[in-house]
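Work out the full structure: start from the sequences and follow the hints.
Going down the list, the protein sequences come from chains C and B.
Start counting the first sequence at 94; every next residue gets the next number (the working numbering).
Start counting the second sequence at 5; every next residue gets the next number (the working numbering).
Just so you know, the hints here were simulated from the structure itself, not pulled from any lab data.
It is possible that part of the hints are untrue.
What the hints assert, rightly or not - The calculated label-pair distances, taken between Cβ atoms and stated as ranges, are: (1) 83/B / 214/C: 50 to 56 Å; (2) 99/B / 292/C: 49 to 55 Å; (3) 376/C / 5/B: 43 to 49 Å; (4) 99/B / 412/C: 34 to 40 Å; (5) 32/B / 207/C: 37 to 43 Å; (6) 5/B / 439/C: 55 to 61 Å; (7) 99/B / 387/C: 53 to 59 Å; (8) 99/B / 331/C: 42 to 48 Å; (9) 16/B / 294/C: 52 to 58 Å.
Even for Gly, the Cβ is constructed at its ideal location relative to N, Cα and C.
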Amino acid sequence: MSQVVSLHLNRTPSDVKGTKYRLLELPTDFCKQIEDPNSGLKLCIKGREGDDAVLCTETKTYALRSVNISNALILANGASRAEEATDDLFLGSDIHEIMEIVPTIPRIARLLGMLRGSEYGEDEPGSDTEMQVDDEPTRRYTRQDLAQVIQASDEELAKAIKQNHILELDGYLRPLPMHHLSKILVYIFTSLISHGISRKDISVEQLTAILKDEHEVPVSVSRQVLEWFGDIEDSKWKMNEKASVQQVGLGLLRPYSHLKVKEVELLASWRDAVGDVFADQADLKLLRGNFLLYPADGANTSQTISYFPRSKLSTDPLTRFSELFLTRVKWKEEDIVAFLEDIAVDKKECDRLLMKFARRSAERDGTVYYTARSGHV
Amino acid sequence: MIIPVRLPSQVPSPDHALPPAVASIGFNELVLLELQGSIEIEGDYAGETIGMLDMSIESKPTLRIGHHLLEGKLTGLPKPLAVLKSNKTAEPDNEVSFDIVSIIRKKIVFSKRPSPVMDNVAKDELQEPSKRKRAA
Chain C
94 MSQVVSLHLN RTPSDVKGTK YRLLELPTDF CKQIEDPNSG LKLCIKGREG
144 DDAVLCTETK TYALRSVNIS NALILANGAS RAEEATDDLF LGSDIHEIME
194 IVPTIPRIAR LLGMLRGSEY GEDEPGSDTE MQVDDEPTRR YTRQDLAQVI
244 QASDEELAKA IKQNHILELD GYLRPLPMHH LSKILVYIFT SLISHGISRK
294 DISVEQLTAI LKDEHEVPVS VSRQVLEWFG DIEDSKWKMN EKASVQQVGL
344 GLLRPYSHLK VKEVELLASW RDAVGDVFAD QADLKLLRGN FLLYPADGAN
394 TSQTISYFPR SKLSTDPLTR FSELFLTRVK WKEEDIVAFL EDIAVDKKEC
444 DRLLMKFARR SAERDGTVYY TARSGHV
Chain B
5 MIIPVRLPSQ VPSPDHALPP AVASIGFNEL VLLELQGSIE IEGDYAGETI
55 GMLDMSIESK PTLRIGHHLL EGKLTGLPKP LAVLKSNKTA EPDNEVSFDI
105 VSIIRKKIVF SKRPSPVMDN VAKDELQEPS KRKRAA
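Here it is in structure tokens:
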């Protein structure tokens with residue numbers, strides 16, 4: 094066969110639009126997965142119109158970035174197999190853009206916004222007639238509805254639904270308001286004590302029955318709460334004690350978003366709520382990223398604390414930093430890092446954000462502070 | 005909106021085949037060329053021959069377009085490139101999906117300036133017909 098190939102213009106120029114190729118640059122290991130027919134990988138591109146598209150596997154989310162190149166890339170294909178093998182190549186149209194993928198945190202901020210208004214209410218289950226009268230016809234979303242618009246992989250979306258304490262009732266997603274959730278958890282703690290249930294041997298059936306009979310929490314709700322705060326195996330609930338204690342603490346701290354409360358007072362009521370068995374687990378460390386501490390001053394003789402959850406802050410780094418520096422002019426390093434962990438993939442990314450958006454300064458005693466960069470805020 | 009992306013193993017093999025001379029460079033019947041500059045055509049010359057790609061010396065492929073000779077080079081890509089092709093299905097709801105039809109690892113780059121070719125075209129034409137018995 095000849096080593097000379099003749100190049101042809103594409104035979105059907107009208108067709109060029111239809112078969113436009115896009116080039117996507119892949120990291121080598123990602124590419125291996127794509128090529129392996131047994132990897133079980135599933136890929137899709139997600140986003141609403143106007144969003145920056147993301148590429149999702151079942152577990153991860155990647156941002157798609159377009160890179161312009163000055164040279165022309167041309168994909169050429171051979172002649173159709175129906176004809177005899179020839180030395181002809183047909184040139185496609187010039188490509189001046191390739192896409193790259195960059196790992197990104199799932200874009201789930203939209204989730205809570207969409208579900209606003211479909212929160213689970215206290216007295217709605219059971220009495221259907223009442224519900225119809227009270228409830229305004231709000232749009233309810235199923236998991237599939239959300240998967241269409243939330244730019245996250247299925248696994249990350251499921252995790253976000255769990256983390257944000259969203260109930261799935263009759264196929265619809267309903268956020269469980271925080272005050273309600275803490276109440277249920279406190280019921281759980283008190284039930285464990287009052288019924289003398291060992292923390293190592295909790296029967297799901299018994300506990301949900303107690304919650305229903307004594308506190309009117311429907312089983313469909315309490316079962317999901319148990320799943321959020323532990324694992325259910327063989328009809329036994331293996332409680333995630335840390336998470337449960339933490340949630341009760343958050344519930345107690347939440348009312349103090351404008352007022353402050355004395356740290357000792359908060360800790361006392363927290364320990365009281367979870368009961369003696371779990372009291373030693375109530376620690377401010379559990380509430381990291383959700384509070385601000387104020388040192389003792391003239392008005393308060395002891396350290397005070399207020400509710401300041403990072404989940405309510407913007408996920409856009411620039412806006413996040415503006416919000417942080419509006420709240421406090423000067424931040425200790427360990428304090429500000431707690432409010433960046435959820436928007437940075439890792440420690441390195443966190444440092445990069447601080448470098449870009451904040452000014453670092455060290456005091457004589459070695460404490461590192463961050464202040465706003467002029468021009469950014 | 006969710007746009008599914010089909011992996012190479014789920015995409016049917018293409019119905020066209022690369023010429024043997026470049027088959028080892030391409031993958032799944034597509035080969036990537038890089039040009040500094042672009043080919044501009046006025047008028048409708050679809051399917052017409054515009055140049056010859058000579059692969060006889062693999063380290064030094066040449067591209068001849070008219071009286072210009074471009075010297076190229078075969079290079080590996082630092083990262084593989086997936087080739088995505090959009091499928092507009094005929095379904096009424098206008099569902100779009102993408103197929104990864106190929107993974108490209110090598111390209112032929114022509115980054116140098118073209119040099120003029122002085123030999124006459126007639127000589128080529130005298131030799132060529134015997135070599136190129138094309139099924140017409």
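Results for each hint:
no.: 1; hint: 83/B / 214/C: 50 to 56 Å; result: holds, 52 Å
no.: 2; hint: 99/B / 292/C: 49 to 55 Å; result: holds, 51 Å
no.: 3; hint: 376/C / 5/B: 43 to 49 Å; result: holds, 44 Å
no.: 4; hint: 99/B / 412/C: 34 to 40 Å; result: holds, 35 Å
no.: 5; hint: 32/B / 207/C: 37 to 43 Å; result: holds, 40 Å
no.: 6; hint: 5/B / 439/C: 55 to 61 Å; result: violated, 30 Å
no.: 7; hint: 99/B / 387/C: 53 to 59 Å; result: holds, 56 Å
no.: 8; hint: 99/B / 331/C: 42 to 48 Å; result: holds, 43 Å
no.: 9; hint: 16/B / 294/C: 52 to 58 Å; result: holds, 56 Å
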